[in-house]
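Protein chains: 4
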Amino acid sequence: MLIVMKHNATSQEVQGAVSTIHAMGYQARPMPGSQRTAIGLVGNDGRVDKARLVGLPGVLEIIPVSRPYKQVSREWREEDTVVPLANGTVIGGREVAVMAGPCSVESEGQIMEAAERVAAAGATILRGGAYKPRTSPYSFQGLGVEGLRLLARAREATGLAIVTEAVDPESLDSVEEYADIVQIGARNMQNYPLLRRAGRSPRPVLLKRGLAATIKELLLAAEYILSEGNPNIILCERGVRSFDTETRNLFDLAAIPVVQSLSHLPIIADPSHGTGIRDKVTPMARAAVAAGADGLIVEVHPDPSKALSDGAQSLHPEEFVEMMAQVRGIADHIGRPLVGPLAGARQTV
Amino acid sequence: MLIVMKHNATSQEVQGAVSTIHAMGYQARPMPGSQRTAIGLVGNDGRVDKARLVGLPGVLEIIPVSRPYKQVSREWREEDTVVPLANGTVIGGREVAVMAGPCSVESEGQIMEAAERVAAAGATILRGGAYKPRTSPYSFQGLGVEGLRLLARAREATGLAIVTEAVDPESLDSVEEYADIVQIGARNMQNYPLLRRAGRSPRPVLLKRGLAATIKELLLAAEYILSEGNPNIILCERGVRSFDTETRNLFDLAAIPVVQSLSHLPIIADPSHGTGIRDKVTPMARAAVAAGADGLIVEVHPDPSKALSDGAQSLHPEEFVEMMAQVRGIADHIGRPLVGPLAGARQTV
Amino acid sequence: MLIVMKHNATSQEVQGAVSTIHAMGYQARPMPGSQRTAIGLVGNDGRVDKARLVGLPGVLEIIPVSRPYKQVSREWREEDTVVPLANGTVIGGREVAVMAGPCSVESEGQIMEAAERVAAAGATILRGGAYKPRTSPYSFQGLGVEGLRLLARAREATGLAIVTEAVDPESLDSVEEYADIVQIGARNMQNYPLLRRAGRSPRPVLLKRGLAATIKELLLAAEYILSEGNPNIILCERGVRSFDTETRNLFDLAAIPVVQSLSHLPIIADPSHGTGIRDKVTPMARAAVAAGADGLIVEVHPDPSKALSDGAQSLHPEEFVEMMAQVRGIADHIGRPLVGPLAGARQTV
Amino acid sequence: MLIVMKHNATSQEVQGAVSTIHAMGYQARPMPGSQRTAIGLVGNDGRVDKARLVGLPGVLEIIPVSRPYKQVSREWREEDTVVPLANGTVIGGREVAVMAGPCSVESEGQIMEAAERVAAAGATILRGGAYKPRTSPYSFQGLGVEGLRLLARAREATGLAIVTEAVDPESLDSVEEYADIVQIGARNMQNYPLLRRAGRSPRPVLLKRGLAATIKELLLAAEYILSEGNPNIILCERGVRSFDTETRNLFDLAAIPVVQSLSHLPIIADPSHGTGIRDKVTPMARAAVAAGADGLIVEVHPDPSKALSDGAQSLHPEEFVEMMAQVRGIADHIGRPLVGPLAGARQTV
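Chains as they are written, first to last, in this note's numbering: chain C, 1 to 349; chain B, 1 to 349; chain F, 1 to 349; chain Z, 1 to 349.
What the hints contain is simulated information worked out from the structure, not anything from laboratory work.
It is possible that part of the hints are untrue.
Put simply, identical chains are the same to the list, so a pair is met inside one copy or across any two.
[As the list claims (entries may be wrong)] Calculated cross-link-like contacts (lysine-lysine; reagent style DSS-like; alpha-carbon spacing at most 25 Å):
| no. | residue 1 | residue 2 |
| --- | --- | --- |
| 1 | LYS6 | LYS306 |
| 2 | LYS6 | LYS50 |
| 3 | LYS6 | LYS216 |
| 4 | LYS50 | LYS306 |
| 5 | LYS216 | LYS50 |
Remember, predicted model here, so these are calculated numbers, not experimental data.
Next up, chain C with everything else stripped away, as it sits in the complex (with noise of 0.2 Å):
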């Protein structure tokens, strides 16, 4: 930590800044500079709070120079996370994972087609909400445990793995009970007590990138779910806000190398929510995996224009599949194969 001193500031006021340093009791290295000068906090193990030093007289600013996540950093552990599910895909290993299906889980038939759809095409995850963090209070807000349970039957049709939203400790009972991943939703990245409950799960937790979280806040909101012994963490990207309304967000891929260098957890990219736009989503889950993403996760319908949510931005089957194909070429390309197909899917392609 570095604190700069003003202009101005008197050798009382650097002694003092000095003082506190030592009482907060780390050491301080003042360095006079022709035009101010900084002191160097040392010793700090990333965990300093700032509040008592930015009050002081002559303090200009106090420039953090550790970062403050600690077990998400890849100084902290420099190999790769690997995520392993029950069904044999592998999340953050050398392959691609891909998770797809609808926005929301509407009905038996509806779930059971996507789910053999999606699998058809070669996915080995099935996606579908049953807990439903709506904008408005008047919008669908998900069938609950029903929805889980029909979750889980189309996990023993079709041997997918199960990934769903809990949007509170008491819907994450019901999840972690009937799927393979949690998942927090991008509304709920900084809602505390969801992810410390997340962090005693036995599940692998799907963490989304808050709608306007930065990078270093996504990997603190990680850092709350690890802390609780919970290892098993998979980032997604899926569009920030922003001032342009082209579309529904601003899908930030560069995030993915960026996650990649400073952490060592396995991100996945939403090309869905990332653009909002149908025919948006092929192209971008390209480009997805061209920069290294360690999965997608898509919103696939059997008839997006009857969908209770999300409609606009699902795909086709059929659109699907073209999609699985375009991708893999590109995986393979650059030496990520696509996980998959499950053993037991009768093939798309």
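Chain C is already provided as a structure; the job is to place chains B, F and Z on it using the hints.
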């Protein structure tokens, strides 16, 4: 709702959109134009899900005309909502209410001194966090129920009403037992289970705008609370995320008159989080009142340099006295005097 | 400047960074820490190009400590810059100056009426665009020199000083011939040839903040003007781009006290562009003055419904009279009364 | 255009809006709804100024339906624009063009070496700035005409076409004399006199997206060029401003397919400015090509640690060779092979 067709949409495609609108139970009014056809969807109540229409062939875009929120809107209720508290303070009427106190409750001595100082300066509501949502899991997370008990003791001693944050349904149970106002923080603005729970509370709710929430999303979050039956909602502008790091957030004061046009709910301003810099708090408190805010919430700490959180933006008690003097004159000038001070408060000014 | 090394940087890499700093002509102060080594670069004048250091092996990041701007900073010049105009108005002193008038000069009748109305209400400077930078090539682009002549005629008739925009060096030649203040608009804030040309003008310059410019970039743009020798610069906050479309821009009033801390230059506020909505202009004008703005620039049109540009945000003359009354009381209360009105002006209030 | 009336608008107010529409020369189609009346404005050509309508009593908002741009749109011209260069490179066709070279031309040795290295790796266009718009007036501003001469010499030696930036009409005179493509940089995207001048140039124009420009604004800026008669425009996505400082900009790759839907103009991507970090350039170059970019522009410097500008994001020549190999495979896979290499180029791969 307006369905805009592509310029080269065929008449079959236009007819298809019309049929879908009919199938959804609404009327369709096609308007052929020189460049393209648009179709008005008539007879809706503001809650049509546009997804079924977005996917149709020939459709360029869907433009919502009705507002998605309902009970929070001025069109639903013309008169201002007025929120009365047990100590006589009224929020949302002609007078401007002031809430002040430390970011976190840290100890009995700290909160009692803070309470006495802010009451003496003329505030009538005490703020102080017992449950703290912190970006890092390694930061101080609050005293919990013990903090609530200290707040209640401060109320007894001073007559101040209490506002404090709940972070999940469990902490909300405790908060509503001890506090006069339940706060939902910015990070939880779209935590829907928590909003619904707050909607079933007998206490008024202070709902802070999310870090990157639009005004529409803020109103929809309030709609979650209102739709559960709790009419006593106070909105709060506290700055939004921006590209500039000179201030902690970008304090969106225009949100105040905009919300007051769109909604009957009162809206207060938080210049402490809005700027994040102690010596910018007073000018922005002045500006907020001049913009028409129904109240202020300000961080004040007996000794900011020792604060366990947010010390850099907390006012010293003497600075708060000065802030109140400056704000009072502006409030009087625009015909909206400050609430209070409390009858028993030993006045500073 | 601080060079932060990776936690696993070798001592050769640290030595390499030190050598490069020496080769650049500065001193190096290594500070080994428990997690990583940081190296202070000492002896610079705030203008070191960090690029040579970023690329070095073992370097994690470069943190600038000095500010990149110089002559515009308060550290360079402690006292406020004061900009005097020929008609006696002073900008940047104790008094608050008001500029008002239509977005564009449209006709002699329009500008003469606008001038008389704003002068009567107490403004001392007339705004009006003769060269209009418009987002679409098909929108009205201004009357050019003819517009400047009409402005000069309005000055003769009323005594108002004139502020109007230049969009390239050629139009600046004309503007500085006719106007009292040369405006550089938001879209041209980083048009460096234009800034340099303005820096060689004998006229004061009104520099508007760019659509997504940080405060640091605004100050660096002013540095371009100042470094050419023109000390008479007035900065202007006019709202920045945001994710919310409720208002045209996000009006960043905290920029006013922030700029006043960092720089000696005066800063005024533009609530018309800052909000883009007529009935939000007056509350935000009040807020701007309460925040400490050194002046206001407001769009007023004799008949906004017929305006060729920005009609939606222009005040009716009677609304401007009311705005002035409200603003005057706040200005008086904070000890910074409004400039004017002009001696000869037939007063409305 | 749709005029949405307030829910309590009187029938006189509705009639007033209808009359104004008629007075503007268009037809009005009122659509009474259950909540409010909306009025369709029919017969316009996409360039109606909404200002006259916004101000009317009873009007809630104005919603544009037509797009404000015209000649750049796919609706105006169905087939892709193809920009041919003298050295045989074609931009906007089936093949993907690669532009590479240093940020600035610094010396004959530097630019000649850069040219040879990028040509050998397969690029067919050389980038290099002679006029540099820099945020600080104290940073290196380019060699001017001397830089252009060195670029021309590099073209002679290698056969590479030249792209370089003009910053004002004067420098554009020189740039169009020496270069094959005139670049308009991000900071000048809304410098309309410069855009108009570029529109009268015989050279193709590379137009970079502004720092916070929406896609619509980018297309309107291109419309300025096209409306002056120059059809050879190449758009460039180079990252936009964001709240996260991990990368220099937020690289908006979804803009590529979005622009390709809306416009017939080719669009290339700049992963160097898009990320600002050397080791993120190659993954994002791969992603850009996978997303369907019509070309790449990449910073390559013979010795980035000595670069006078942008060293931190410049590739070493060997890194560029590797980037080209990775990108080539993806380009081939999606059926859009790379242009080149030039006939005479001594190939590296």
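Against the structure, the hints come out as follows:
{"no.": "1", "hint": "LYS6 x LYS306", "verdict": "between (62 Å within a copy, 21 Å between copies)"}
{"no.": "2", "hint": "LYS6 x LYS50", "verdict": "both (17 Å within a copy, 22 Å between copies)"}
{"no.": "3", "hint": "LYS6 x LYS216", "verdict": "between (28 Å within a copy, 17 Å between copies)"}
{"no.": "4", "hint": "LYS50 x LYS306", "verdict": "between (52 Å within a copy, 11 Å between copies)"}
{"no.": "5", "hint": "LYS216 x LYS50", "verdict": "both (17 Å within a copy, 23 Å between copies)"}
When the structure is compared with the earlier hints, no violation turns up for any of them.
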